[in-house]
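Grab the two chains, each in its own frame, and use the hints to assemble them into the complex.
The lines below spell out each chain.
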Amino acid sequence: MSQRVTIDPVTRIEGHLRVDVEVDAGKVRKAWASGQMWRGVENILIGRDPRDAWAITQRICGVCTTVHALASVRAVENALQLELPVNAQYIRNMIILAHAVHDHIVHFYHLSALDWVDVTSALKADPAKAASLAESLSSWSGNSKAEFTKVKERLAGFVGSGQLGIFTNGYWGHPAMKLPPEVNLIAVVHYLQALEVQRHANKVVSILGGKTPHIQNLAVGGVCNALAIDSQSVLTVERLLAVRGWIDQLADFVKNVYLIDVAVVGGFYPEWTTIGRGIVDYISVPDIPLDGRNTQFALPGGHIAGGDLATFKEIKTHDDAYFRDGVTESVKHSWYEGGKGPLHPYKGETRPQYTDFQEDGKYSWLKSPTFYEKPMQVGPLPRVLAMVAAGHQPTIDYATHALDLVSTVAKTKVGLDALHSTIGRHAARAVACAVEVDELARQWDLLLASMAKGDLKTFNKPVFPKGEISGVGIHEAPRGVLSHWIVINDGKIKNYQCVVPTTWNAAPRNDKDEPGAYEACLAGTPVAIPEQPLEVLRTVHSFDPCLACAVHVVDQEKQPVVKVKAA
Amino acid sequence: MRIVVLGVGNILLSDEGLGVRAIERLPLACALPPTVELIDGGTSGMEMLEELEGLDALIIVDAVRAGRAAGTPIRLAGDAVPVFFKTRLSPHQVGLCDVLATLELLGRAPKHTAILGLQPQSLALGMELSREVEAGMPELLRMMINELLMLGIGASPATIEAR
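Chains U and P, in that order, are what the protein sequence lines are. In terms of my numbering, the numbers along the first sequence are unbroken and rise by one, the last being 567. In terms of my numbering, the numbers along the second sequence are unbroken and rise by one, the last being 163.
Chain P extracted, bound-state conformation (with noise of 0.2 Å):
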């Protein structure tokens, strides 16, 4: 079983980078077996081939753009995810995007995909979240732990005592 947890953003851009908080924060709520793999993987496209190829499953974390209300918690799954790269609801999905039409190329993409996110408030250069976003982040967390445990991953809480 090997499964990625993939945040892509750009953190110079506020809510941009989103995801790669939220791949910042989650090993401080929980932790988390040697099956799962934190990515941190920025705007970077082909460099992740490797890291993606023949998962069991891959979580991608990200600033969504679904025209709801900012720090709305958005989930895309299934027929959906072919969706989210059509219509470019993410800014910097060329890289990730071709990186995910090359693995179905080499048959080696991953079993099964989910998108996690957030509507984004701000797009303006700047390395914080927008106080709206902030407030969804928590929510953010547990819908990541949430997709773990439907894939039969428990995450044991709060190791931030222990930090």
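One chain only, chain U, in its complex shape (with noise of 0.2 Å):
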């Protein structure tokens, strides 16, 4: 008997992602991914002033703020062909990068790792033991017999209290956690020192950009932060070095705990390098610029298609038209008026038209993205993946180092094919993450050499023409290709659109009737216990969704049967 699972929203920020799942014979059957509210934030930007938008597109979304800033300074520099000073690249891209760094660590430890970890089996675990493993794993300077002792008579003072907390909506005893006590612990250790890790990613982030959790010092034409090699009151040597600090604190956790885990949890789990692999169409787009005008890059992307390397096509600078025609998004499934197909970005619409939840009709307030009609993949995985077969060295170095820790844990032998799953995202953000931490240093050794040649500048004031011009922003935000699209007429904003990355993963079925990423990779997901859909959240996860989720189980009359709250 077939029954149906509901995953349903609880946040009103970007999104607010559904899922509903047809559950037969333990495992998905078929998966619908809807988006619960109507993202209408292009319409408030009409008549506006081009260099307004961003401090506007920031609060599109609850979690990456900065990254709708950044994108839509680029999409007016990328039409008024703005060129930028260095000095303004390097700021930007030490932000882009703590922000992609801190998103990935909390992703893993705070909003996801408790779909693999049971935080009460770590109260069976030997401290010792613990210890002696972990420091066999890494030289991670936390991982103490010491420190293990004192967090498990700490968690169970906090169980013993019957007050969870943080920890209350968690499947613990699920048949499908599969880890020992001791790896328990170790990463409930891990999952507390990241929260005082995560912190130094906020600093670099609040000390560039002015403030957090939303950034000031962005302008069309670079940044308004002033450089200067000794006054007080702007961005100074004493002070980057500051960041300097925390950005190797980081790169120590996220190269000697982060990547490790990752690993060592994979190992465990080796049955779920096969669950989850759906769309294997990966976009990924260059980013980290080099040069004022978008067309060199610290880290490449582009398209491979049907998870083949070699078909590996590179998106060259973020004005290839390779990028800017391929991209069009469709409305057949979505709540808005359609009837022209699908439609390129600049020439798209908005104008909703809410019907109820209909299977075969209209089910999301998301569009359907697609890159020359095709749905895609987007996200860490995509851009591990166009790194490695670009021949990007520090990626191709970590993805093995991760893979072969994982094949000594899992004693069989794990390879980069393991990555197209649910494990395998995962495992590539960690990987991603340890690439961009190194990359951030880099961003920070640009700067401190431009400076050291009397550099200074950091904005190139815009002109804006008479007439018609349009651009777009393109980003590889942590979650992958974002892009903001924007035609202004005589200095005025014409249209604006966005294509975010949860757009791409959670589209809903397009034009050709094609499930989206969320709906392609559920498919075949067992379920061991429906009321427990553990693991369908696992899948869900994977992907880092830009929201919360409340789960309910629907039977087949779709009355609710049960509901639990997930993170």
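Since the hints were derived computationally from the structure, they do not count as laboratory data. Do not rely on the hints blindly, as some may be mistaken.
[To be verified] BS3-like cross-link-like pairs, simulated, lysine-lysine; straight-line CA separation at most 30 Å:
# : chain 1 : residue 1 : chain 2 : residue 2
1 : U       : K374      : U       : K332
2 : U       : K340      : P       : K111
3 : P       : K111      : U       : K203
4 : U       : K150      : P       : K111
5 : U       : K211      : U       : K413
[Unchecked claim] For each label pair, taking beta carbons as the anchor points, the in silico distance ranges come out as:
#  : chain 1 : residue 1 : chain 2 : residue 2 : range
6  : U       : A156      : P       : G54       : 58 to 66 Å
7  : P       : G154      : U       : S141      : 31 to 39 Å
8  : U       : D360      : P       : L106      : 17 to 25 Å
9  : P       : T35       : U       : K150      : 52 to 60 Å
10 : P       : S156      : U       : S161      : 39 to 47 Å
11 : P       : T35       : U       : E153      : 30 to 38 Å
From a predicted model like this one, the values you see are computed outputs, not experimental measurements. Beta carbons are placed, not taken as given, at the ideal position from N, Cα and C, and that holds for glycine.
And the structure:
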């Protein structure tokens, strides 16, 4: 008998995801991903000054404010063909890399690790054994027996008080939980340490961005950080040295804790390297520009077809027609007026037409983006695969290191192919994070070298022409390809469309009725206990959706039988 | 003594953003000592962890759905604070709720928490507050100043002329 499981939204920020799955014989047969809120921010922007757009777009998503601010200024700069001072690029690059590192650490430890880690099982662990295991895997200073004993006692007190607090909604004791108690304890210790470490990334963003969670320093044409060797009120060498200290601590944690933990967890869940494959057409964009015109990048990106790295086609610049001309969005299954077929974002329309949730008709507020008419997967996995295909050596090295460790733990050879999976998305995110934290340090070096040469320029003034111009701002955000598309007429915004990573991944079916990435990846996912659809959450969370979910299971008459909140 | 007044909400959804609007307006209505930090939290979560830890008091300003007439001022403190989070009187508490639970876990939760707000009228797309909520804003600012007074923080009035 098939059962219907619904994962419903709770947040009112970008997207509000609801996922419906039809479970038959212990496996997901069909899935629907539905955005539950109309994201009509585009309409707010029409008629405004393009220089103000970034401050508004950074409010569309509660999780990634910075990325929308950046994509927006890039769109306007692209429309103006405006060159930036390289210092502005370095400062922006450091902000977005620190943001990405923050996002990845928090996503793994605080938003998704508890899908795999049983906190209550950690209470059964022997701290000495856990510490010696952890010490055998890495040189991290926080892996001592004393630390493990302390955390276990603290956890016992917390659980004993009957108030699990942040751990309340976990699926403790679920049959799909497979880690030994010692590994669970290691993960809990690192969960707490990650809370301390993530603040370093946040400090980098707030020193460079002027403020967090909403940065203040962007401007169309550069950044408004005044650089100085010695003045007090601006970005000085002294402040930059503090930034460097935080970057180095982040790098230590990412390489010696995060990357190792993901590989170890992956090694204990080898079956999850074959679950959640879904769409293996991937797209990412190059980012971390090294020149003022967005033509040279530290991190490459491009398209991979059918999961085959030999098909890699690079997207070379942010002006590359291959990307710009390839994106269209369908509203056939979305709650918008349609009938015109898939539209390019410059021509995109945002006119709501709400129906009910109709399985075969319209069922989502998200549009369905495609790249040359095919649905894509975006995110760290496409990013890492593209960088490997492009021969980016640091990515190849970290990926090899992680997969070797997985192979050791799993006692079987695990290769790159294992990344096309639910657990593979976590592994790819950790690899991407290691690459990004190194690049963060390199951007710091580049900024200091530029300042040492006497270049303190951070802003080029934009000039808006009469008549119509258009531009696209693209950014490889933590969750994948983000693009803002702007049409400007006589210096005012005429049209604005945001095609965000979660829209690519959580897209409803497209014009040809092909499922989006979540929908495709969920098919075949096992579900041991429909009342506790942990496995569905694992696959959805592996994409790092911008949202928290409440899960309810609905029987065939679509009556809720259980409702479980899950972070 | 460290006190944070945290405005939360999405300013793109009209009255949803009233907490953020209140934070923007408070410094125009009075001068605050440096022990009081005003934070525009938007709809973010874990990014705020650092700024909210080890506080003597946290005053959250938000749209509160209490089934009252639009613009009605609402103050929740003591036992009502956990209820606010459990029953989701506010739309964007997932992030904030996680932050506060994490601070509990770390043993660095605020010693005192109060929630101030207004019943929203409209959560529709738009950057302006509704007429009803706009009319309630002066009272909300007074409540914020009173809350600080109860904590022993005097806010000297009207710096508007000085600006």
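Please write out, lowest number first, the hints stated earlier that are contradicted by the structure. 2, 5, 6, 7, 8 and 9
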